[in-house]
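*Asks:* Residue-level listing of the chains:
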Amino acid sequence: MSSIGTGYDLSVTTFSPDGRVFQIEYASKAVDNSGTVIGIKCKDGIVMAVAGLAADGRQIVARAKSEATSYQSVYGEPIPVKELAERLASYVHLCTLYWWLRPFGCGVILGGYDRDGPQLYMVEPSGISYRYFGAAVGKGKQAAKTEIEKLKLSEMTCREGVIEVAKIIYKLHDEAKDKAFELEMSWVCDESKQQHQKVPDDLLEEAKAAARIALEEMDAD
Amino acid sequence: MDLEMNLNASHSMGTTIIGVTYNGGVVLGADSRTSTGMYVANRASDKITQLTDNVYVCRSGSAADSQIVSDYIRYFLHQHTIQLGQSATSKVAANLIRLLSYNNKNMLETGLIVGGWDKYEGGKIYAIPLGGTLIEQPFAIGGSGSSYLYGFFDQAWKEGMTKDEAEQFVVKAVSLAIARDGASGGVVRTVIINSEGVTRNFYPSDKLQLWHEELEPQNSLLDLLNSSSPEPMNI
Numbered sequence: 001m002s003s004i005g006t007g008y009d010l011s012v013t014t015f016s017p018d019g020r021v022f023q024i025e026y027a028s029k030a031v032d033n034s035g036t037v038i039g040i041k042c043k044d045g046i047v048m049a050v051a052g053l054a055a056d057g058r059q060i061v062a063r064a065k066s067e068a069t070s071y072q073s074v075y076g077e078p079i080p081v082k083e084l085a086e087r088l089a090s091y092v093h094l095c096t097l098y099w100w101l102r103p104f105g106c107g108v109i110l111g112g113y114d115r116d117g118p119q120l121y122m123v124e125p126s127g128i129s130y131r132y133f134g135a136a137v138g139k140g141k142q143a144a145k146t147e148i149e150k151l152k153l154s155e156m157t158c159r160e161g162v163i164e165v166a167k168i169i170y171k172l173h174d175e176a177k178d179k180a181f182e183l184e185m186s187w188v189c190d191e192s193k194q195q196h197q198k199v200p201d202d203l204l205e206e207a208k209a210a211a212r213i214a215l216e217e218m219d220a221d
Numbered sequence: 001m002d003l004e005m006n007l008n009a010s011h012s013m014g015t016t017i018i019g020v021t022y023n024g025g026v027v028l029g030a031d032s033r034t035s036t037g038m039y040v041a042n043r044a045s046d047k048i049t050q051l052t053d054n055v056y057v058c059r060s061g062s063a064a065d066s067q068i069v070s071d072y073i074r075y076f077l078h079q080h081t082i083q084l085g086q087s088a089t090s091k092v093a094a095n096l097i098r099l100l101s102y103n104n105k106n107m108l109e110t111g112l113i114v115g116g117w118d119k120y121e122g123g124k125i126y127a128i129p130l131g132g133t134l135i136e137q138p139f140a141i142g143g144s145g146s147s148y149l150y151g152f153f154d155q156a157w158k159e160g161m162t163k164d165e166a167e168q169f170v171v172k173a174v175s176l177a178i179a180r181d182g183a184s185g186g187v188v189r190t191v192i193i194n195s196e197g198v199t200r201n202f203y204p205s206d207k208l209q210l211w212h213e214e215l216e217p218q219n220s221l222l223d224l225l226n227s228s229s230p231e232p233m234n235i
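Protein chains in written order, with the UniProt record's numbering: chain A, 1 to 221; chain B, 1 to 235.
These are computed hints drawn from the structure, not numbers from a lab. Worth double-checking, as some hints may not be accurate.
Within a straight-line C-alpha distance of at most 25 Å, the following computed DSS-like cross-link-like pairs (lysine-lysine) qualify [stated by the list, open to error]:
#, chain 1, residue 1, chain 2, residue 2
1, B, Lys207, B, Lys172
2, A, Lys193, B, Lys119
3, A, Lys145, A, Lys198
4, B, Lys207, B, Lys163
5, A, Lys82, B, Lys172
6, A, Lys208, A, Lys150
Taking beta-carbon pairs under 7 Å as the criterion, some of the chain A residues facing chain B (in silico) [stated by the list, open to error]:
#, residue
7, Tyr75
8, Gly76
9, Glu77
10, Arg115
None of these values were measured; they are calculated from a predicted model. Glycine included, C-beta positions come from ideal geometry on N, C-alpha and C.
Sequences and hints are given; from them, build the entire structure.
*Replies:* Rendered as structure tokens:
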């Protein structure tokens with residue numbers, strides 16, 4: 001899939017003859033080279049994050065906070081997840097329009113709980129944003145998506161979802177190729193009172209243990 | 001006695017406006033008098049203005065100020081509805097009005113009562129008086145005529161009325177205020193908003209109940225000359 005757009009890839013304001021903007025595609029590569037991040041929408045909430053250039057990620061998060069606060073000030077209610085995703089996507093897209101700005105080198109998985117229930121969105125460096133049942137960005141995203149598709153998300157609670165996500169991350173991790181990894185998970189669901197928080201330590205440990213056992217069972221075949 | 005009327009004075013709506021919640025929605029009510037000093041510029045005004053399909057506002061104070069504020073908010077809410085992909089909530093409408101009212105408090109003179117129904121909160125009433133405070137209440141009264149209604153509401157208001165009870169209550173209240181407040185008069189208009197939609201009603205003056213010392217309406221005192229009553233001046 002990888003092609004070099006010699007001459008047409010020097011600026012984000014240049015189209016190639018076959019209608020591609022290479023700078024945006026290179027920005028996506030920055031995301032693909034980072035650790036895998038998964039987000040899934042379960043029955044009662046979201047389990048998820050940012051993958052890619054950390055500094056870019058921080059900018060996006062800051063912008064998201066600012067949009068959310070300004071919406072609350074003007075409209076008097078918390079920002080709906082859909083609205084926040086659209087605003088973020090607009091902002092990310094903005095940075096692909098001018099030659100004096102570079103595209104964001106990070107993909108954002110946005111999980112929220114508003115008055116319409118839990119929702120999951122993903123924003124890519126190109127500015128594309130869709131609503132998902134399950135999403136993955138980063139190195140193992142293809143394999144992660146395959147694994148996610150096997151899950152029955154609409155019947156799963158967030159507690160169960162946490163275990164499943166841990167299993168997938170562990171499964172994807174290639175001992176030989178990748179460096180050692182640290183698993184971090186956060187969720188927003190009924191159990192966390194619709195507030196976003198890090199998955200509680202005891203549940204995290206339970207998930208890690210279950211994931212390790214699942215891996216051993218696989219290896220044992 | 002002031003016989004010099006300035007017919008070019010700014011229009012003010014003396015007004016009585018009311019908003020009440022009931023079991024299932026809200027009822028908004030208002031009189032219909034717009035005055036320019038002592039002259040009644042419009043005796044059949046409509047002070048209950050639409051902001052969106054499901055949110056209406058009762059206007060009082062300066063007619064111009066309240067109209068321009070309503071126009072701005074209708075515009076903002078229209079854009080908001082497009083972005084959101086669904087109807088705006090009454091809380092959002094009230095908040096937008098509050099921001100305009102508060103930030104321009106030195107220039108505006110308008111008291112508003114916002115009432116609407118949305119699928120998240122049901123029927124809600126928000127009062128936004130002169131300074132730009134925003135307060136959510138089970139019922140709200142405003143305008144010059146409201147002074148005469150505080151005692152009435154204290155005694156007669158109850159939670160969870162039916163739609164018809166609530167509407168009759170509002171009509172009675174506006175009618176009482178019209179009887180005592182010189183700056184309120186004309187007809188009583190009501191707007192009922194609930195999950196099924198919006199209903200507008202109209203109560204002409206002769207359909208309203210008469211209060212203490214109010215006389216029956218008469219076409220002309222000259223009719224007495226043609227009547228067969230032996231005591232024509234015995235009123």
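*Asks:* Measuring from the C-beta of Arg115 (chain A) to each C-beta in chain B, is the shortest one below 7 Å?
*Replies:* With a minimum Cβ separation of about 5 Å from chain B (threshold 7 Å), the hint on Arg115 (chain A) holds.
*Asks:* For Lys207 (chain B) and Lys172 (chain B), compute the direct alpha-carbon distance and say whether it is at most 25 Å.
*Replies:* 11 Å, holds
*Asks:* Against chain B, with CB atoms and a cut of 7 Å, does the hint on Gly76 (chain A) hold up?
*Replies:* 3 Å, holds
*Asks:* With a cut-off of 25 Å on the C-alpha distance, tell me whether Lys145 (chain A) and Lys198 (chain A) pass.
*Replies:* 23 Å, holds
*Asks:* If you draw a straight line from the CA of Lys208 (chain A) to the CA of Lys150 (chain A), is it 25 Å or shorter?
*Replies:* 20 Å, holds
*Asks:* Are the Cα atoms of Lys82 (chain A) and Lys172 (chain B) separated by 25 Å or less?
*Replies:* Distance of about 45 Å is beyond 25 Å: violated.
*Asks:* The hint names Glu77 (chain A) as touching chain B; please verify it with the least Cβ-Cβ distance against 7 Å.
*Replies:* 6 Å, holds
*Asks:* Given the hint that Lys193 (chain A) pairs with Lys119 (chain B), test it: the Cα-Cα distance must not exceed 25 Å.
*Replies:* 22 Å, holds
*Asks:* Tyr75 (chain A) was flagged as interface toward chain B. Is the shortest Cβ-Cβ separation under 7 Å?
*Replies:* Since the shortest Cβ distance to chain B is 5 Å, the answer is holds.
*Asks:* Would the hint linking Lys207 (chain B) and Lys163 (chain B) be met if the CA-CA limit is 25 Å?
*Replies:* 20 Å, holds
The structure fails to meet hint 5 from the earlier list, while all remaining hints are met.
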